[in-house]
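Which chain is which? The protein sequence lines are A and Y, in order.
Here the numbering used here is used: the first residue of the first sequence is 8, the next is one more, and so on.
Here the numbering used here is used: the first residue of the second sequence is 859, the next is one more, and so on.
There could be a bad hint or two in this list.
[What the hints assert, rightly or not] Ranges between beta-carbon positions, derived for each pair:
1) Y:V1237 to A:P88: 44 to 54 Å
2) A:G39 to Y:S890: 23 to 33 Å
3) Y:L927 to A:A83: 26 to 36 Å
4) Y:T1020 to A:D27: 52 to 62 Å
5) A:N38 to Y:D1156: 24 to 34 Å
6) A:E62 to Y:P1120: 42 to 52 Å
7) A:P16 to Y:D1163: 42 to 52 Å
8) A:P16 to Y:V1237: 35 to 45 Å
9) A:P16 to Y:R1165: 43 to 53 Å
10) Y:N880 to A:S15: 43 to 53 Å
[Unchecked claim] Cβ-to-Cβ under 8 Å is the rule here; a few derived chain Y residues that face chain A:
11) K922
12) A926
13) D932
14) S966
15) E1060
16) P1206
[Unchecked claim] Here are the simulated SDA-like cross-link-like pairs (lysine to any residue), alpha carbons at most 20 Å apart as the crow flies:
17) Y:K1221 to A:E85
18) Y:K1196 to A:E41
19) Y:K980 to Y:D1018
20) Y:K971 to A:E85
21) Y:K1221 to A:A112
22) Y:K1221 to A:S84
23) Y:K949 to Y:D932
24) Y:K1196 to A:D111
25) Y:K1196 to A:A83
26) Y:K1196 to A:S84
27) Y:K971 to A:I114
Rather than coming from a laboratory, the hints here were simulated on the basis of the structure.
Even for Gly, the Cβ is constructed at its ideal location relative to N, Cα and C.
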Amino acid sequence: MPKITFVSPEGGRTTVEASDGDSVMQTALANGVEGIVAECGGAMMCATCHCYVDEDWLARTGTASDEERSMLDFAASEVRPESRLSCQITVTGDLDGLTVHLPDAQI
Amino acid sequence: MCGMAWEGYATMAFAPIDETINIDQLTRDPYSIYRRLRAEAPVVTVKSIGRTLLTKAADTRAVKDNAALFSNNDPNTPMQRAFQAHTLMRKDGEEHMRERMAMTPTFSPANLKTLWIPAYEKLAGEYLDRLPRDEVVDLFPALAGPLAARILAIILGIPDATDEEMQYWSQALIDGAGNFGYADEPFARVDACHAAMNAMVESRVPLLKAEPDQSALSVMINAEDPIPFSQVLANLKIAIGGGINEPRDSLLTVLFGLLTNPDQLDEIKRTGNWSTAFEEGLRWVAPIQASSRCAREDTQIRGVDIRKGEILMTVQASANHDEELFEDGHLYNALRPKSPHQSFGSGPHHCMGTHLARATIGKIMLPMIFERFPDMQLVEPEKVVWWGFGFRGPLSLPVKLN
Ligand code: HEM
Ligand code: HEM
Ligand code: FES
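Based on the provided sequences and hints, a complete structural model is requested.
Here's what the structure looks like:
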């Protein structure tokens, strides 16, 4: 099972196991990781699952699509080039070890 | 496809059936009933309403997020009759997405920032200026209702509709959609409103074809591949039915919460955390208290068997008070460490007006009203009546402004 590490705004790291095919958002919720709200449950309607992909991983996760980027404009915290909606990143074996950073606020 | 036979199921594994709760109790005092249900029977079929209520936060959320298993299509409600249409709120999958996406450009962040938020800010100032000083004024009819109506008329692209018309239509749609007794009067009233709404919308079409703008009507009719005009009308009506009373009720609810907790109000004034105060109001009394879904297959929730066709009411009002998530959930507490509520729904039907509501009420109206009227006082708060099962809010908010 691929492992994913969530880094809180204060720097705390939580590493959890993910299931192939789940989104990073689902992985966070399933493991009780705080800091991902995901109000719309992954329908790309809410921008409360915002995360910053660690720079080392950007090449593998890819960057946000145009649609995703326009929804990201609603995000409560600063949007950066490495910003993604975590519901739009699907976990695969390729992403084993992925690290994402959580923003200060989602709402 | 949804709808099931009630007879012939008597096995214990199904949800227990409650024969005591009635709609009148749920309308007056739902929270004490939900508190008991969360403790004793979090999945329960309430006989008088013929539906299975889910009252725990984890269950309401899981059902709404699993649109593949739980459909929005519940044909056995008066909604279709009241709206004279099958609306996006009751559709699933691609059909739902196509109709929803037809309206989303209007609500884009760019439009919010450059058009709707500035428009609201100006209107909010005007409506506040109009309020009489030094006498008791009820903010429900004097501010919250008309202002919600005005901004919505502008965003939808029917600015000629008056505040009174918008509110009357909205209430007629709601009363029709809630007309589970299928009485004649609410349907006759809403039918008359359809004639007026259709005429209003049709009169705007040629203008908006000639000079398109970012309003919902314009965006829908000028799209490259437009949805049928019947669905354009249905979408606008869903927004009219669902875009006035929630902003209205949530504003009144937050004001009530803050004015009855002056120490919290002082702290919010100091920190400027108006958005948190707004979110807490939404949590405390969800303006839309429950949303229905229909099981597409036999399944289980919390170990209880759910039959294909069973109608589940996901009670977000109760989820927002769930003891597993909130301490003293029955109390308004603007200083609560933030906890996610479900008042905007979740899943593919997550409210389209979320960002608009947060920006206008949380970021503009709340700071503005307390800046203008720092000494605003509630008049006899104990006499304010809270009302509603489907939709809920205070029926009045009498205040003295200075
Ligand atoms: C047997 C009686 C009733 C049942 C089973 C019932 C059930 C429901 C259900 C399932 C919803 C839909 C929530 C959703 O999915 O969005 C709803 C909405 C609503 N109900 Fe009722 N209800 C009943 C009686 C009433 C009565 C007597 C009233 C008013 C006096 C009322 C007012 C409303 C309103 C205003 C809504 C929101 C309408 C909307 O969907 O836009 N209901 N009700
Ligand atoms: C505080 C304000 C508001 C609250 C609490 C609220 C709440 C909700 C909820 C709970 C739903 C989901 C119903 C379900 O799951 O069946 C919803 C849907 C919806 N809301 Fe809101 N709403 C608010 C303001 C608005 C405004 C201002 C608009 C329009 C401008 C709006 C437009 C809609 C639409 C179009 C839908 C249907 C979305 C769909 O079915 O895909 N709402 N709202
Ligand atoms: S969960 Fe709503 S956009 Fe990702």
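Going through the hints against the structure:
1. Hint check: Y:V1237 to A:P88, Cβ distance near 53 Å, so the stated range 44 to 54 Å holds.
2. Between A:G39 and Y:S890 the beta carbons are some 30 Å apart, a value that agrees with the proposed interval 23 to 33 Å.
3. In this structure the supplied range 26 to 36 Å holds for Y:L927 paired with A:A83, their Cβ-Cβ distance being about 30 Å.
4. Look at Y:T1020 against A:D27: about 56 Å separates their beta carbons, and that is inside 52 to 62 Å.
5. A C-beta distance of roughly 29 Å is found between A:N38 and Y:D1156, which places it inside the suggested range of 24 to 34 Å.
6. At roughly 48 Å, the beta carbons of A:E62 and Y:P1120 sit within the given window of 42 to 52 Å.
7. For the hinted restraint 42 to 52 Å between A:P16 and Y:D1163, the CB-CB distance of approximately 43 Å keeps it satisfied.
8. Under the hint 35 to 45 Å, the C-beta atoms of A:P16 and Y:V1237, about 43 Å apart, fit the expected range.
9. In this structure the hint that A:P16 and Y:R1165 lie 43 to 53 Å apart at CB holds, the actual value being about 45 Å.
10. At roughly 47 Å, the beta carbons of Y:N880 and A:S15 sit within the given window of 43 to 53 Å.
11. Annotation: Y:K922 was flagged as interfacial toward chain A, and the flag holds, the nearest CB pair being 7 Å apart, inside 8 Å.
12. Checking Y:A926 against chain A: minimum C-beta separation of about 12 Å lies over 8 Å; hint violated.
13. Given hint, Y:D932 at the interface with chain A, is violated; its Cβ is 19 Å from that chain's nearest Cβ, farther than 8 Å.
14. For Y:S966, the interface hint holds, since its Cβ comes within 8 Å of a Cβ in chain A; the closest pair sits about 6 Å apart.
15. For Y:E1060, the suggested interface contact is broken, since its CB lies about 30 Å from the closest CB of chain A, more than 8 Å.
16. Restraint check, Y:P1206 versus chain A: the minimum CB separation of about 4 Å is within 8 Å; hint holds.
17. For the hint pairing Y:K1221 with A:E85, the CA-to-CA distance comes to about 17 Å; that is within 20 Å, so the pair holds.
18. Under the criterion of a C-alpha separation no larger than 20 Å, the hint pairing Y:K1196 with A:E41 is consistent with the structure, at around 11 Å.
19. Our distance criterion of 20 Å between C-alpha atoms is met by Y:K980 and Y:D1018, whose separation comes to about 18 Å.
20. Proposed proximity of Y:K971 and A:E85 is supported: the alpha carbons are some 16 Å apart, at most 20 Å.
21. For the hint linking Y:K1221 to A:A112, the alpha-carbon distance of about 15 Å falls within 20 Å, and the restraint holds.
22. This hinted pair checks out: Y:K1221 and A:S84 have alpha carbons roughly 15 Å apart, not beyond 20 Å.
23. Distance restraint check for Y:K949 and Y:D932: the Cα-Cα separation of roughly 9 Å lies within the 20 Å cut-off, and the hinted pair is therefore satisfied.
24. For the given pair, Y:K1196 sits about 13 Å from A:D111 by alpha-carbon distance, which is consistent with the 20 Å threshold.
25. With a C-alpha separation of about 14 Å, the suggested pair Y:K1196 and A:A83 falls inside the 20 Å cut-off, and the hint holds.
26. As the CA atoms of Y:K1196 and A:S84 are separated by approximately 16 Å, the hinted pair is consistent with the 20 Å bound.
27. Proposed proximity of Y:K971 and A:I114 is supported: the alpha carbons are some 17 Å apart, at most 20 Å.
Checked against the numbered hints listed earlier, the structure breaks hints 12, 13, 15; every other hint is satisfied.
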